[in-house]
Each structure stands twice: as C-alpha cells, then as structure tokens.
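According to numbering that gives the first Met the number 0, the sequence shown is numbered sequentially starting from 0.
Think of the hints as simulated: they come from the structure by calculation, not from any bench. Watch out, some of these pointers could steer you wrong.
[Stated by the list, open to error] Distance condition first, Cα-Cα at most 25 Å in a straight line; then the derived BS3-like pairs of lysine-lysine: (1) K75 x K1; (2) K76 x K1; (3) K76 x K9; (4) K75 x K9.
[Unchecked claim] Restraint ranges, calculated between C-beta atoms of paired labels, are given here: (5) T100 x H33: 19 to 27 Å; (6) E40 x E65: 15 to 23 Å; (7) L69 x Q35: 32 to 40 Å; (8) Q26 x Q63: 49 to 57 Å.
From the three backbone atoms N, C-alpha and C, an ideal C-beta is built for every residue, glycine too.
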Amino acid sequence: MKLHGTYIAKAGFDLRRGLSIDIRPDQIMVQLPHAQILGVEQQQVDVLAFENGLWNRISGQDVQSELSALPELAWKKAAESGLPAEAQEVLQQQLEQRIRTAQPLRLIFNDEKKSE
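Model the full assembly from the supplied sequences, consistent with the hints where possible.
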C-alpha cells in the first residue's frame, strides 16, 4: 500500500507560554516563546498503490493504521523543514517594518515559560 497526503502546516507563537515587552530609552525588548508548529491540516490523501500479497492481505485495519499515521508524519516533516525558524525570521522582519522608533528592537526567544 502506498499513500500520498497533502497537508498545510501552520507555524507561529503560543503566546500563552509567555510574552513580555519592555520599552526602554535605549531599546525595545520583546520576549516570547520560540515559534513552533501550531497545526497541520489535511487537504488531500491519495492511495497510489493498493496491492494485496499472495499470503499477506491488506485489511481495513491496515488501511486505517496507515491513514492515522499520516498526520503525525506531516507534523514531523513540518518541524524538520525549518518552518518554525522561518516564522521567527518573518516576525522579526514584520516588526522592524511596522515599528518605527529610534530605539533598536530586540527579540528574545525563550525556551520555556519563566516561573513566577
């Protein structure tokens, strides 16, 4: 059995994990979590090959198992593609274009939420 799936992956920032903006006379500092894959949406799945073997027949459970593995594989491929890093770069560019101040803008990406 050979399957092909088309998915749309969305990367962004989970701001529930922490966001702070510190405006100082010498700089503007924005702290937020690293970008991550926020969702993977299935667009299409095609069955490219479906051939039963002489002894090994493909069951409905086999098909269901393979179909359920596709979203996890799409999520993994999206994370490995560099999409989160690209989201961070795009955010930096957009903020620099939209926020016009004399102070430099500094983005700091935190690995995890700070304890209070």
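For each hint, the structure was consulted:
1. K75 x K1: holds, 19 Å
2. K76 x K1: Measuring from Cα to Cα gives roughly 18 Å; hence the hint holds.
3. K76 x K9: Roughly 12 Å between the alpha carbons, so the hint for K76 and K9 holds.
4. K75 x K9: OK: K75 and K9 at ~12 Å, within 25 Å.
5. T100 x H33: 19 to 27 Å: About 24 Å separates the Cβ atoms of T100 and H33, which means 19 to 27 Å holds.
6. E40 x E65: 15 to 23 Å: holds, 19 Å
7. L69 x Q35: 32 to 40 Å: violated, 20 Å
8. Q26 x Q63: 49 to 57 Å: holds, 54 Å
When the structure is compared with the earlier hints, a violation turns up for hint 7 alone.
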